[in-house]
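A.B. asks: Let the sequences and hints guide you as you build the complete structure.
Under full-length UniProt numbering, the residue at position 110 of the sequence shown is numbered 110, and the numbers go up by one with no gaps.
Derived by calculation from the structure, the hints in this document are not laboratory data. Glycine included, each C-beta is placed from N, C-alpha and C at the ideal position. Hints are supplied without guarantee of correctness; some may be wrong.
Listed next, with one range per pair, are the computed distances between beta-carbon atoms [claimed, not checked]:
{"id": "1", "residue 1": "331", "residue 2": "443", "range": "40 to 48 Å"}
{"id": "2", "residue 1": "444", "residue 2": "350", "range": "52 to 60 Å"}
{"id": "3", "residue 1": "158", "residue 2": "122", "range": "45 to 53 Å"}
{"id": "4", "residue 1": "121", "residue 2": "155", "range": "25 to 33 Å"}
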Amino acid sequence: MEEIYPSKIKLQSVFGLDISPDSDLMAQAQPLASTPQGVVQKFCYPLSTVTSGPRHSFVMTLNRKYAALPDLDSAPDTYETPELTDDNSTLPTSTVRSQSAASSYKDFEDEEFDNPHISRSRLHPDEARSRFSPAQIDAREADFSDRVTAKRKSYKASTRRQRKREDGTEEFGDFSDEEDGESLERKLARLRREIEEVKEEYGKREAEKKEAGVEADLPGHQDISVLSKMLDGISASQGAAGMSAGAKLVKDLANGLKVNGTASGAEKPVDPATYTVTYAPTYQQNHALAKAADFEGRLAMLEKALGLNAVVSAVKADGTPQPVIPTLDALQRQLTLLSTSTPSSLDDVSRRVRILTQEAERLEETRKAAKAAHDALKAAGAEADTEESGESEQTSKINALYGTLSTIEDLSPLLPPLLDRLRSLRTIHADAATASESLGRVEKRQADMATEIKRWREGLEKVEEAMKQSEMTMGGNMKIVEGWVKELEKKMVEL
1 MEEIYPSKIK LQSVFGLDIS PDSDLMAQAQ PLASTPQGVV QKFCYPLSTV
51 TSGPRHSFVM TLNRKYAALP DLDSAPDTYE TPELTDDNST LPTSTVRSQS
101 AASSYKDFED EEFDNPHISR SRLHPDEARS RFSPAQIDAR EADFSDRVTA
151 KRKSYKASTR RQRKREDGTE EFGDFSDEED GESLERKLAR LRREIEEVKE
201 EYGKREAEKK EAGVEADLPG HQDISVLSKM LDGISASQGA AGMSAGAKLV
251 KDLANGLKVN GTASGAEKPV DPATYTVTYA PTYQQNHALA KAADFEGRLA
301 MLEKALGLNA VVSAVKADGT PQPVIPTLDA LQRQLTLLST STPSSLDDVS
351 RRVRILTQEA ERLEETRKAA KAAHDALKAA GAEADTEESG ESEQTSKINA
401 LYGTLSTIED LSPLLPPLLD RLRSLRTIHA DAATASESLG RVEKRQADMA
451 TEIKRWREGL EKVEEAMKQS EMTMGGNMKI VEGWVKELEK KMVEL
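C.D. replies: Here it is as structure tokens:
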């Protein structure tokens, strides 16, 4: 075995010494062990050049060619190396290096550093290799060229099947279904995928044959169709087996089957049903009228609920639900009266109400008595005497009121809703008056804007005219200056 010493260039770059196999220092070095050719040999120096202690230091002098340089430290440089252990010194060099290479990542991670902000994580090749070991890359049809006629094709990546042995190791490759214990679902998926690949390959071959002009029938087309139908039948049977009772019932009803399970047309294939929808000539018009009537009914119901219907009385004596808006208005007035009134004012109001009630009762009694007396006079035949005596003005007014009383009673159900509608329209009328004023202001503002736009247009035309004149003047000036420059150039050339 040949003893290989460290490189001369490396030692010169590290220690600044002229160390070669012919030098005195290298002659004193003793190899630690014999190594194969091509492997760097560790070496040590005799005690005359190495100081004893826990750490060995090499004291070397500077090269003479650097002695004349300014600002150069002339003190001897000291380099320390870790102490050699007996175990490593007796082992072969290859064994020592293999241990260091195997444990370099772990030793580096076990060290503690003062700065926690520096990430010193290393890549573990074994873990990365085990992670991507099942992957397979097929680059036979890959095409990443920039040709216009060709279509880019990328790599095809696939994953090999893997399984664990009894001893814990993993094995990759194609295994039989009996050894791997492949389930029925996985078998079906694999067969379906393989059939799709076969179809694709068959299509490619047919395309190649057509391009070449050969009309040769490729074998296997019928077999592919049979296999596809078999897989479809198995998938359909599995789907039917996994359906619930409700889903089966829905499917049976959809297919025209009876509930007890007897098929109406299971033996013969049933053609899909076709439907033809025809419309009468007046269907569209009637349909629009029906929609309008429905909308009118819904609107009437909404108005009735909100109290906006003119034929519904605001006060109902039969106990039916009252309209919303009049009821809310009445409640609001009552609450306002109760919240703003004092006990003394309430007493005054109650006293006035009692007085008005008594007066109304007396008036009703008087009206009844007058009516009874009038009827009695008519019955006694004293009608001629009363006509001759003449009716007073007050009597005529009372008679006129009695004549219109029936009309007022007939219109009494319509008056409250009508008044409510007029009150609700009061805001609209006020807004209409305001809208007319707003419209007048908008029209005035538009007129002002039109005037301003006209002024701006006139000013813009004046500016454009001034710019044109300036451009013409600038062009004339440029021509004059250009002539001056040419004359100066001629004079410079003549000089």
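A.B. asks: State for each hint whether it applies.
C.D. replies: Each hint, compared with the structure:
no.: 1; hint: 331 - 443: 40 to 48 Å; in the structure: holds, 44 Å
no.: 2; hint: 444 - 350: 52 to 60 Å; in the structure: holds, 57 Å
no.: 3; hint: 158 - 122: 45 to 53 Å; in the structure: violated, 30 Å
no.: 4; hint: 121 - 155: 25 to 33 Å; in the structure: holds, 29 Å
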